Amino acid sequence: MKRFRFIIKRLLSMIVIMFLVSFLVFVVLRMSDADPLTVMIGNNQSTPELRQALTEKYHLDYPVHIQYLRWIKGVLSGDFGTDYVDGQDVKGLIMSRLPITFGLVIMSSVIGSVIAVIMGVAAALRKGRPSDAAISGLMLVLSGAPSFLVSILILIFMTKYVPGYSFIGTYTNFGEFLQRITIPSLIMALTFVAMLGRITRSNMINQLQSPYIATAAAKGLKQSNITYKHAFHNAVIPVITVAGYMIAGSIGSTVIVEQVFSLPGIGGLLISAIEENNFPIVQILVLFMLGAYLVMSFVIDILYTVLDPRVDLK
Amino acid sequence: MKKGNVLEIKDLSVDFMTVRGIVYAVQGVDLEVKQGEIHGIVGESGCGKSVTSKSVIRLHNEETTRYAGDIYIRDDSGEKDVLAMSKKQLRDFRGSTAAMIFQDPMTSLDPIMKAGEQIAEMLRAKKNLNRREAREKVIEMFEKIGITPAEKRYEQYPFEMSGGMLQRIMIAMALICEPKLLIADEPTTALDVTIQAQILKLIKKLQQESGTSVIFITHNLGVVAEICDSVTVMYAGKAVETASVVDIFDHPAHPYTKALLESNPRESDTEKRMKSIPGSPPLLYEKFKGCAFAPRCKYADDKCRSCVPVTENVSEGHSTACFKWREVTSQ
Amino acid sequence: GCFNNTGSGSGSGSSGGNSETVLRVGYTQEPSSFDPADFTIVAATLTGYDCYDTLLNFSHDGTTVEPALAESWEQVDDTTYTYKIRQGVKFSDGNEMTMDDVLYSLNRVTEDNYYMSYLFANVDSFEADNDTWTLTVHLKQPDSSWQYVPATSACTIVEKSVTEEQGDKYGTADGKTVGTGPYKLSSWSSGSEIVLEKNENWWGDPDTLDIDKVEYYVIEDESALALAAKGGQIDFVEGMSNSVMSVYQSCQNFNILSCEGTTSNYIAFNTASKPFDDEWARKAVAYCIDRSQITTTIGGDYAKQSAVVPMSESMMYMDKDKWDSTIAESDVYTQDYDKVKECLAKSKYPDGFEFDFYTTSQTQKQAELLKSMVDASGAITMNLVEVPDSDIFSYMFGYKTKDNGERYYNAVGTYMMSDFLDPMGMLKTLYAGSNACEGGTNETLWTSTEADGLLDKAAQTTDDAEKMGYYTDAYKIFADECPYLGLYTSSDVYAVSDKFTYDPSPMFWYNFSYADVHVAK
Amino acid sequence: MSKEKDRQPFISVRDLKKYFCLDNYKLAKAKTRYIHAVDDVSFDIYKGEIFGIIGESGSGKSTIGRCVLKLIDVDSGEIYFDGKNITHVSRKEQQELRSRMQMVFQNPLASFDPKKTIRFSLEESAKVHKIKPEVYKARIKQLMEYIALPEDLLTRYPKDLSGGQLQRLAIARALMLEPDFILADEPVSALDVSVQAQILNLMLDLKEDKGQTILFISHDLNVVRHVCDRIAVVYLGAVMEMGTVEQVYNSVAHPYTQALISAKPKEHPLENKKHILLEGDIPNAVDIPEGCRFAGRCRYFKEGLCDNRTPKLKDIGNGHYVACHFPLGIDRSKTAADM
Amino acid sequence: MKKKNKAGTFFTPVVAVTGIFLAVIVFVSLFASVIAPYDPLATDVNAIYAPAFSEGHIFGTDGLGRDLFSRLICSARTSILNAFLIVAIEVVIGVPLGLICGYYRGPLDSIVMRVWDVISAIPPLLLSFILIAVMGKGMMTGIIAIGISYIPLTTKTARSMIMTEKKAVYVEACKSMGFSDARIIFVHILPNIITPMISQFTLDIGTAITSMATLSFLGLGVQAPNADWGTLLRDGMGNLYNSSALLFIPAICVILVTVSINLFSDGVQNYLDPSSRKLPSFKKYEKKHRIKKLSAVKANGEA
Ligand SMILES: Nc1ncnc2c1ncn2[C@@H]1O[C@H](COP(=O)(O)OP(=O)(O)OP(=O)(O)O)[C@@H](O)[C@H]1O
Ligand SMILES: Nc1ncnc2c1ncn2[C@@H]1O[C@H](COP(=O)(O)OP(=O)(O)OP(=O)(O)O)[C@@H](O)[C@H]1O
Ligand SMILES: [Mg+2]
Ligand SMILES: [Mg+2]
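Residue numbers (my numbering), protein chains in the order written: chain A, 0 to 313; chain B, 6 to 336; chain C, 10 to 530; chain D, 6 to 344; chain E, 6 to 308.
It is worth saying that the hints were derived from the structure and are not from the lab.
For clarity, every value in this text was computed on a predicted model and none was experimentally measured.
Cβ atoms here follow ideal geometry from the backbone N, Cα and C, with glycine treated the same way.
Be careful, since some hints might not be right.
[Stated by the list, open to error] Pair by pair, the computed Cβ-Cβ distance ranges are:
id, chain 1, residue 1, chain 2, residue 2, range
1, D, Ser81, B, Phe164, 28 to 34 Å
2, D, Ile77, A, Asp60, 56 to 62 Å
3, A, Ser130, C, Thr510, 57 to 63 Å
Go ahead and model the full structure; you've got the sequences and the hints to work with.
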């Protein structure tokens with residue numbers, strides 16, 4: 000019952016935030032000096048009739064809040080509208096690009112988190128030894144290397160030394176899909192390894208130094224038991240939070256690998272939409288990414304209550 | 006090892022490597038604990054009580070700790086040298102031969118594991134019980150030491166319980182495998198007097214029932230008087246005096262013991278102003294040339310400041326490390 | 010390794026047996042739609058073009074027109090042309106093409122203000138005779154360049170029923186595309202891949218088509234595209250920029266083909282506002298610039314220095330000698346900082362001035378080089394303003410202006426291709442006063458009644474020599490007033506895998522077809 | 006002992022209430038839960054005396070002290086300081102009060118800013134209260150002599166000093182502004198016995214030499230007995246018993262005080278002491294039981310009365326107050342009927 | 006207390022090497038205009054794509070004949086300055102805001118935190134994009150956008166730290182002595198919580214360099230003819246095949262600098278937090294400090 004109330008409350012606040020932010024973004028975009036009409040007319044000849052027609056079609060003569068309401072109503076009923084530049088169906092555009100982005104996010108976060116946690120724990124257990132220095136050093140170096148550079152360097156390397164490596168075109172089956180996203184996912188995973196690995200390590204070290212670990216040792220438990228059942232369990236809770244937020248945030252950072260590896264995902268779509276002032280796409284993608292983030296943080300909160308009995312559901 | 010002794014510590018030194026240098030936390034301590042007695046260790050904060058007691062189960066981080074001396078412990082299968090144990094032996098020995106209770110029960114329990122399960126877990130590892138058997142045994146133990154309602158308490162997490170209750174859980178945990186030696190490191194310091202009285206009574210009762218030997222660490226002389234049979238007084242990493250509890254109170258032979266007793270406010274004191282020991286205890290970054298207490302001691306002379314006093318017998322079962330013990334006792 | 014044999018496009022062109030021949034084309038852009046009304050970018054030419062036919066086709070050298078959907082044509086008088094439409098042509102969906110479709114397609118361009126509609130500016134009306142399958146075009150005034158228009162994409166024929174039914178969706182990735190061309194759209198994965206297949210309903214001779222399937226890959230980054238080509242995943246690339254040229258040149262299995270097209274790169278000065286309303290200011294800048302350096306540094310191996318009037322040599326086919334002499338006498342702008350001083354002295358800005366030069370990321374390097382040349386004069390300062398590729402036209406065509414109606418840019422660096430090889434294609438587009446308006450292609454806003462008159466006269470003559478006279482006269486005015494400063498003309502370049510051959514045409518823009526790509530023997 | 010009655014109280018607290026809200030910022034205010042940290046507490050402190058408050062952890066001792074010092078706002082009740090109602094004072098008056106009331110904390114190390122030298126910490130309050138440099142410099146000299154510490158300690162950082170030294174410096178800091186009143190919140194609990202005595206002696210000196218008024222909070226019965234003149238025993242935020250040290254210790258009236266005193270460990274191993282063990286823990290301060298708050302753990306609990314009616318704090322003679330339906334040492338049947 | 010035997014120092018080899026390297030970089034970028042052998046914008050058509058280590062051009066030249074070395078150190082100035090600006094925005098806005106929110110809590114805190122929640126809900130890169138979409142691309146927009154995206158975390162860190170620190174006894178002592186809130190927050194609490202944050206700020210300088218370079222690389226940050234490392238990388242990427250040095254040298258430079266910053270700030274962190282320092286073995290320590298060996302070591306039974 001308590002949990003149910005908590006869920007309802009969280010969902011409500013999520014919805015409120017979504018509305019607020021989407022409204023803000025909607026208004027802010029319209030405050031920029033890009034005029035939707037010129038965007039839509041693009042290279043076509045601009046005539047008063049055309050302007051009139053477009054204004055009517057996109058309801059640009061309505062006040063902003065009405066425009067917003069129309070738009071959000073459409074979004075809620077599954078109609079994302081048409082974009083300004085090519086007049087394409089935004090929904091279709093996004094849907095066709097979602098698999099790649101989701102694939103990247105899921106694959107990179109799974110691989111990245113697992114490796115990060117393994118490396119972090121391994122380093123923590125060997126604290127102060129050369130192997131810890133090596134692992135922590137590696138994580139530091141990774142967190143320093145800009146991911147777009149890493150992507151480019153790896154791409155150059157792959158095409159030069161792995162003859163059959165193909166990074167172009169679309170995919171027709173799941174195997175090809177995996178193949179397209181594997182390397183980019185690994186590159187994205189590096190960020191996870193760098194960030195999460197360090198957090199895992201320091202959390203794990205903190206936990207290993209806490210009094211209850213001494214108690215567990217005094218009980219005569221096996222070291223592995225102490226490490227994994229007690230220290231790890233405690234250490235992993237905050238790691239999960241960070242991981243969750245990183246996963247949600249990585250939807251935005253797919254941009255870079257998508258760009259470099261010519262992957263048809265929503266990151267690239269977003270960049271070009273921003274460059275072209277293609278507001279309908281920007282709006283919906285911001286909403287989408289925000290939604291993903293909020294859902295993720297919601298999931299984390301729920302997970303927290305499961306993992307950590309101390310969390311009080313308020 | 007002498008007969009009737011459960012624990013013998015001989016010339017134990019414990020050094021820690023720290024960022025500020027080596028800490029010589031314990032510098033040649035001798036300690037004997039007899040079968041079935043409660044042996045108190047008192048002394049000021051930082052004098053090495055906890056370090057000594059943790060050494061008994063070798064709980065310090067092996068990488069930054071160096072032990073010297075011997076720790077022998079006797080259980081059903083005979084004498085054992087703790088410092089020579091392998092990891093596996095150590096693991097079997099911890100909890101079943103010697104168990105430990107810590108000062109702050111709140112942080113000493115895994116915050117996200119049910120209290121009961123933390124004990125059951127130990128049973129399952131040590132006694133190869135299955136989940137249900139372990140649970141039954143834990144609940145039985147809970148009932149015995151007044152953790153009621155036992156079934157409910159088993160399911161509770163540490164944060165849902167009060168300090169007194171948690172300390173009981175700790176005690177249950179320590180005693181569940183019926184150890185030969187129980188080390189209680191200031192188990193009541195964090196508790197209120199009323200709860201302290203409950204816990205002391207409980208420990209005493211359990212000790213009498215099971216015949217377990219107890220090392221009881223405290224800095225409260227009242228608690229010593231209340232529950233200990235014999236006492237070791239520590240100062241700056243050394244054991245300065247060992248005696249039965251009555252001897253300590255009635256015939257202190259070391260100036261430090263004496264001063265400690267005098268500075269303790271007592272009901273019977275009519276004088277409002279109390280005696281205090283001037284100065285403060287030394288840091289342990291080096292070994293001392295002379296007696297560590299010499300700078301604060303009113304009996305001290307040049308010899309005290311330059312030579313390390315050896316332990317001398319004052320009477321049967323009463324020994325002290327002081328050149329001036331005769332002077333002290335004669336006053 | 011684990012990446013052997015990948016992707017759907019790995020079947021190579023020359024693999025024997027009865028497997029189909031696949032041509033893998035790489036390009037940095039994706040067309041926005043296959044609707045001929047949207048064929049504004051090269052990407053569309055490389056994909057959508059072969060799905061359609063136009064009334065006529067340009068000849069391979071681009072100077073004349075040939076029958077296509079119109080079997081024959083006739084100029085009835087100065088302002089009337091008739092076209093005999095081919096019968097029995099089928100759309101790729103199997104429906105037969107009717108005169109209705111033809112009329113619909115043409116009217117669609119005029120009525121709906123499409124990009125190409127300026128080509129129909131002179132059209133009075135179209136008339137279709139369903140029985141005789143003739144199309145009659147009535148012009149408002151005599152126009153010698155009309156003869157080429159039916160070969161441009163403005164006269165692409167679409168199927169009326171489908172187009173009307175699809176509306177805005179027509180030609181998009183999730184809409185239908187139907188045409189009469191040799192190929193048809195098979196699949197389109199937005200953002201990455203477009204596949205064309207042979208159109209079995211094509212009216213032409215299917216045996217002339219070597220390529221069974223075209224796979225078009227979108228690789229936004231040019232270097233990545235080069236990497237893919239180098240890795241053997243691409244067979245055909247068009248329009249590589251100078252910076253990646255060396256990759257293709259170094260590839261053993263690629264041939265670089267080039268053909269002088271109509272692309273001219275130039276600077277356009279905004280003559281409607283300060284400082285370039287002053288012709289001496291324009292000339293001062295012109296004297297700062299070393300065009301040969303720009304040609305070699307930016308244009309590279311496949312560029313030629315341009316005359317001051319941006320027009321490629323391929324458009325000077327009529328009387329090459331006369332052109333040469335005209336250029337020689339009128340083009341005086343070579344880098345000379347003393348001259349800059351002189352011009353400034355004559356101008357309203359004897360102490361120099363600053364101006365905003367608009368550029369896109371594509372031409373940024375050129376802009377930087379220009380800036381270093383201009384700034385070296387010590388008196389004139391050039392400020393670079395980079396705008397998105399997608400925005401540059403809204404500035405250039407005047408859709409985006411300051412509140413007082415003035416345009417933002419003082420000068421802009423860009424390029425233009427001609428719709429046909431006749432000089433009119435460039436001269437009128439760039440210099441005509443009628444184009445100096447919002448939406449017009451004269452981004453300098455420069456007008457001269459004298460020059461307009463000359464161009465009008467040229468349009469109404471059919472005699473080549475007389476035409477040349479008007480052209481060269483106008484040319485002299487253009488060169489002297491210097492609203493545009495031509496930099497270099499660049500050839501159309503192609504990197505083609507040695508498994509295929511291709512013979513490029515100067516009218517790439519309208520003449521490109523995969524029907525002309527053949528499997529190498 | 007009528008003398009007591011004639012004296013004017015220096016500080017008096019009347020019906021002090023302080024509840025802490027458990028759930029912050031709740032949308033629905035309906036079921037907000039409160040910690041009843043202090044519930045209807047009244048007492049007087051006379052000039053020049055050490056008044057002790059004793060009680061178990063969480064009983065609200067510190068909260069009372071903090072309310073008196075106006076460090077936290079009270080929910081209801083009144084506080085008089087030197088005859089003036091200071092319950093609700095302006096910021097300016099509050100600032101002035103600050104210089105007249107000072108505080109000494111339990112953990113001396115923590116009560117000094119670790120990043121500042123001792124001298125900085127000592128001088129700062131003088132500076133803030135606009136005392137002239139020559140005045141406070143001289144005062145520091147005096148105080149260092151008074152607490153018997155060498156002046157060169159002043160340049161050190163807190164972490165370089167021992168607990169005993171720091172606590173003496175903390176007292177010196179409190180004396181910098183020459184306050185009329187000092188709140189000492191468990192000033193010796195964190196110290197070792199050997200140093201404890203130094204601090205307690207210093208407290209006694211303050212009272213005797215300077216006539217300082219001190220509110221001394223502690224949970225150590227022996228310490229309180231040693232230094233205080235009068236004490237109040239609090240339980241769950243309410244005063245159970247109040248009187249002079251002799252009254253409370255020698256003629257215990259409240260069962261809780263009795264239990265508290267008897268829970269105190271023996272002073273000598275051979276002492277024969279019977280502890281009255283209290284059952285269970287202190288109930289939490291959120292759900293205060295009906296009636297007497299001690300009823301649940303009381304040996305003399307009487308159903309129907311103790312769990313129904315809250316006993317009032319009342320004088321049982323000579324300024325000895327107790328809040329019990331059946332005070333010890335008084336005829337039981339009678340007192341119950343009185344009420 | 007006579008002798009302070011320190012087992013760890015600030016200048017570990019890693020800190021020393023990275024510190025010196027960073028100092029050199031900062032020095033070089035500060036005096037870029039003096040050190041640079043060429044004007045970074047001066048084109049020279051006679052030396053196009055000069056290879057690295059060729060005469061006169063140690064790192065070679067780009068497609069316009071501009072000297073890469075000069076461009077590299079001049080863009081270092083832009084990149085580093087930008088990074089400092091970004092961190093300055095973060096510190097100047099984030100820290101005080103966090104301190105005030107954490108100290109007073111209440112409605113202001115709730116509002117600020119909600120707003121920051123929402124802002125940090127948008128991934129930093131995306132946030133930059135949105136701001137760029139609104140304010141137009143350019144260096145200042147980039148700096149502001151990245152700066153803003155860093156603020157929420159700083160605010161939250163400062164806030165959570167002050168919320169812990171606020172409970173410290175010395176804060177209560179300050180209150181009891183009648184100090185003003187401003188004094189308590191900025192004179193007492195700030196110095197105590199800023200130390201752990203400093204290593205975060207040094208780290209942020211590294212990420213700021215990368216973030217800005219990413220924006221410039223995507224063409225949204227620093228605009229031509231000005232250049233930062235991102236612009237150079239973008240150029241280098243475009244010219245990969247004409248002269249790979251144009252990509253690799255700036256790439257190595259960026260990676261070296263950011264990695265150095267990370268290693269350095271890690272060193273700072275270790276220094277500030279002694280518990281994470283590596284300890285020498287007893288033997289080594291005693292040898293170094295000439296401490297006589299005590300009795301034989303007896304532990305670790307299996308050894
Ligand atoms: N793991 C350790 N590393 C370094 N030094 C330590 C370690 N454990 C204890 N010490 C030091 O050893 C000395 C003795 O500490 P110990 O904990 O035994 O004191 P104690 O007598 O238990 O004091 P308290 O009454 O405060 O618990 C102290 O100076 C302490 O700082
Ligand atoms: N700021 C606060 N917010 C919420 N609850 C508080 C606050 N301060 C005190 N409390 C609660 O009020 C009750 C009384 O606390 P107080 O600190 O006054 O007890 P105390 O008698 O001083 O205890 P101790 O001996 O542990 O110092 C406790 O339950 C405590 O948790
Ligand atoms: Mg201890
Ligand atoms: Mg308190």
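Cross-check of the supplied hints:
1. D:Ser81 <-> B:Phe164: 28 to 34 Å: Holds: the Cβ-Cβ distance is about 32 Å, inside 28 to 34 Å.
2. D:Ile77 <-> A:Asp60: 56 to 62 Å: For Asp60 (chain A) against Ile77 (chain D), whose Cβ atoms are near 58 Å apart, the range 56 to 62 Å holds.
3. A:Ser130 <-> C:Thr510: 57 to 63 Å: 60 Å, holds
In this structure, none of the earlier numbered hints is contradicted; all agree with it.
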